Amino acid sequence: MPFISNTSEQQARMLAEIGLTKNDLFADIGEELLYEDFKLPAGLSEQRVRDSMAELAEKNSTHLTCFLGGGFYDHFIPAAVNAIVSRSEFYTAYTPYQPELSQGILQATYEYQSVICRLTEMEVANASLYDGGTALYEAMMMAHRITGRNKIIIDGSVNPIYRVMIRSYTRNLKIEFEESQCTDGLVDRGQIFERLDDKTSAVILQNPNFFGCIDDFSDIAAAAHDKGALLIVSCYPVSLGILKTPGAMGADIVTGEGQSLGLPLAFGGPYLGLMAARKKHVRKMPGRISGETTDAFGRRAYVLTLQAREQHIRRAKATSNICSNEALCALTALVYLSLLGKEGLRETSQLCADKANYAYKRLTAIPGVQPHFRGEWFFNEFVLDLPCEAADVIGKLIERGFAAGFPLSRYYSGMENSILICVTEKRTRHEIGMLAEALESVL
Amino acid sequence: MKLIFEKSVPGRRAVQAGPGDVPAVNIQSTLLRESAAELPELSELDVVRHFTELSHRNFGVDSNFYPLGSCTMKYNPKVAEHIASYPGFARLHPLLPQLRMGGMLTQGALRVLYEMDLLLREITGMAGFTMQPLAGAHGELTGMMIMAAYHADKGNKKTTVLIPDSAHGTNPASAAIAGYSVATIPSKDGVMDVDAVKEHLSDDVAGLMLTCPNTLGLFNPHVKEICDLIHSVNGLAYYDGANLNAIVGKARPGDFGFDIVHVNLHKTFATPHGGGGPGAGPVGVTEELVPYLPVSVVAKRSDGTYTLEYDRPKSIGYIAPFYGNFSVVLKAYVYILMLGNEGLRRVAENAVLNANYVKEKLKSHYRIAFDRLCKHECVFSISDQMAHNGIRAIDIAKALIDRGFHPPTVYFPTVVHEAMMIEPTESESKETLDGFIDAMIDIAGQAGSDPARLKTAPATAPVCRPNETAAARNLNIACL
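Protein sequences appear in the order of chains A and B.
At position 73 of the first sequence the residue is numbered 79 (this note's numbering), and the sequence of numbers has no breaks.
At position 428 of the second sequence the residue is numbered 975 (this note's numbering), and the sequence of numbers has no breaks.
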């Protein structure tokens, strides 16, 4: 049998040694509950499985030149990333419950927490959450624990997928949502300030926002703090190579989707939920945390710390129910950021902005194609209005080999002709030119 | 060993970004960060050596026996990793199906999700699955949200979930987060006490969360009766599949009377645990509860193509951005395809045989918590003799490290004093188990002859007994 080491002779010998028969092993379940009629297919050899899975993989269209983003990005991944995270001492390990055998993962987690703090300019970070959406939900619940308040103000420019996710999670809880709508692609200060009151737990914003526009939320942070509320900012970590950080803006909790940090798109996961916060809130933060200490001989060592917040100790009173997180994805992000380094990340981030700007100019030069917002700065995504339905145009461009963008009508009414286009550092001037030609020809 | 930041040399570079083949843009300076993030500056070789050194300070299933109880540390087949790296899966953008006719661009991936649903239905006896939960605990929360949606829909006023004292901490935490209060049910003779369940039964009971076999490795002979009792007050029974490896291919939670089930693909279905994650926790439900599953749901059209359904009015909504941890689901799918009907049955048989073998061989050296047939794991306690010498479970664990093994789970379940919970899994050979048993017996001897030396173990690991109290008191969780 595949993946079972003992031969039938060994199994028989072991049974004999402990004085049992094969049937005895499941006698406690009882005849009535045992099931013998499983209708699963017969097992396949490795070669058969590889062939049939290769066939399935070919039924997926990954040949399209990707201008699709929406929070999930096609960045370049250096070969060394996979070489390192494929080391089986990392990927076949469990949660580091025995620190003596887990210094590799524990130190890497500590280093990961450090790079996330340095990237966001925050003071503390956890070892990871599932994804950007569940991280935002956890941040909202963390704000609720800190402030004891129930009202959340969330802007319509926060990723719509995240907005529906946090609504699902809070359906049975006493959380009250107020949604503000942005104006010209940016958060409308008036709408936020008029909603902010002494019942507000947190204001949730995103930068760059879902439309790709960039902002400085410093004024909103100050206004929220005046009312005793927190500012939660969902970020795109690659953009922080150049953009003003949530920490510098005065955010209290920062979350984000870490997929852009060296993780493949992989049809939705596994991804990486980022979370960073102010140090004073660390005991209200969910998720594992690796901390530095010394061992019995005074050597530097790392352990899981502040575990008294977690479910295996606090049970029903824990800060979160999270147990398994995305440790290997956090390691991937750390390796990616280490390989790019200080200058490499800045360069990658700048190239994203440069190429998006170039694409914006090329595409808006096409007759009938208009920028949806006027004059706002964007990072590597922008919204264009087409002379006809965007979903239709995107469909035609698929036939020409492009995933040209995302039709905003999917989440926003009145944006039937609007397309969200993303350009990462991977795209070339040539590919952008080809997209412009293809778009012009289908309009 | 040094931190990666301590190895940084100003100006040193590894990966070059780009091609930079377009003009640069100057974004308004107030929107930019003041100085570059202080990431390490290293060559590619520096980075590779740093992480290779870290990997040498880590222990995985590939290193040696890893009998961590309740974690099912079985072998993770290499072929599954290989297949997950096929560009047709790894490079697939999750938003493609939301484009017009975009589902046709992802037929291979949708088929994996659809067929995995069918396979898990057959394995568990449920009527429909969602692949979206991103871990076991996330599956529990999803299950509790389904329970809440069902009761709200039926107009049932329910407040309480019953959970046994031996449960994983995630159970009460998940129930609480979903808005329920938790009633802890005591165990009797190692399993959830039926009489105690009866005492707690009332119209307030929304349901039950039960791991079966439980964290003591014991199958509850009253499991069907308990599910029936919960149903008698219109409650729902939730099966925590953390220990499914004990019964996979032999029995089905659906036949026990459970209404909602989660399975841990990173346990029973052999996907690697990654040093803490990612996992995946698909949730299955009975026919009656299918309408409450999260959106989207993969469906098969009459022409044989696959599509995603979003219009499901009773659904609990979105719990993950897309379709779950797709790569993890894919690896588990590969594993099930390779094992097939017969292979899966052998999994439980060998997992249970290995656990009972270890139990029988060690029970004259350590006190067994419950001396009867166990399932996939067995739980020991420190003997009086060892306790008299000041030896604790943690000392046994650390001594095992010096003998080349990963320790079992210690101090859990909390219902056993000084617990040591051993789960060998079906992967391991008799030779490996015998080596481990010899090491455990050797340690038991040393606990009598030289207890002071046991207290100083491990001697062979890179560090020895880090000070956890100091870590929490003098909090240093980032190098800034």
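The set of hints was computed from the structure by calculation and includes no laboratory data.
Source: prediction; values computed, not measured.
All C-beta atoms, glycine included, are put in the ideal place defined by N, C-alpha and C.
Be aware that a few hints might be false.
[To be verified] Simulated restraints, written as ranges between beta carbons of each label pair:
| id | chain 1 | residue 1 | chain 2 | residue 2 | range |
| --- | --- | --- | --- | --- | --- |
| 1 | A | K28 | B | T1007 | 37 to 47 Å |
| 2 | B | D775 | A | E182 | 35 to 45 Å |
| 3 | A | A89 | B | N1014 | 27 to 37 Å |
| 4 | B | P634 | A | E52 | 12 to 22 Å |
| 5 | A | K290 | B | D997 | 41 to 51 Å |
| 6 | A | E42 | B | D918 | 53 to 63 Å |
| 7 | A | T13 | B | T1007 | 37 to 47 Å |
| 8 | A | S58 | B | R668 | 13 to 23 Å |
| 9 | B | E600 | A | K290 | 12 to 22 Å |
| 10 | A | R305 | B | D981 | 32 to 42 Å |
| 11 | A | K28 | B | R647 | 51 to 61 Å |
| 12 | A | E422 | B | S849 | 24 to 34 Å |
| 13 | B | K549 | A | E42 | 20 to 30 Å |
| 14 | A | G196 | B | S849 | 29 to 39 Å |
Take the C-beta atom of A:E42 and the C-beta atom of B:D918, compute their distance, and say whether it sits inside 53 to 63 Å.
29 Å, violated
At the C-beta level, are B:D775 and A:E182 separated by a distance inside 35 to 45 Å?
At roughly 40 Å between Cβ atoms, A:E182 and B:D775 fall inside 35 to 45 Å, so the hint holds.
Holds or violated: the 27 to 37 Å window for the beta-carbon distance between A:A89 and B:N1014?
34 Å, holds
Take a look at whether the Cβ-Cβ distance between A:R305 and B:D981 falls inside 32 to 42 Å.
Cβ of A:R305 to Cβ of B:D981: about 34 Å, so the range 32 to 42 Å holds.
I want to verify a distance hint. Is the separation of the beta carbons of A:E422 and B:S849 within 24 to 34 Å?
Holds, at about 30 Å.
A:K28 paired with B:R647, Cβ distance criterion 51 to 61 Å:
Check passed, 56 Å falls within 51 to 61 Å.
Is the distance from the Cβ of B:K549 to the Cβ of A:E42 consistent with 20 to 30 Å?
58 Å, violated
Given a hint of 37 to 47 Å, does the C-beta separation of A:K28 and B:T1007 actually sit inside it?
Cβ of A:K28 to Cβ of B:T1007: about 39 Å, so the range 37 to 47 Å holds.
Per the hint of 29 to 39 Å, is the separation of the Cβ atoms of A:G196 and B:S849 within bounds?
52 Å, violated
Evaluate the given range 12 to 22 Å for the C-beta pair formed by B:E600 and A:K290.
The hinted range 12 to 22 Å is violated for B:E600 and A:K290, with Cβ atoms some 35 Å apart.
Tell me if the beta carbons of A:S58 and B:R668 are separated by a distance inside 13 to 23 Å.
21 Å, holds
Hint says 37 to 47 Å; check whether the CB-CB distance for A:T13 and B:T1007 agrees.
Once the Cβ atoms are compared, 32 Å apart, the range 37 to 47 Å for B:T1007 and A:T13 is violated.
Of the numbered hints stated above, those contradicted by the structure are hints 6, 7, 9, 13 and 14, listed in ascending order.
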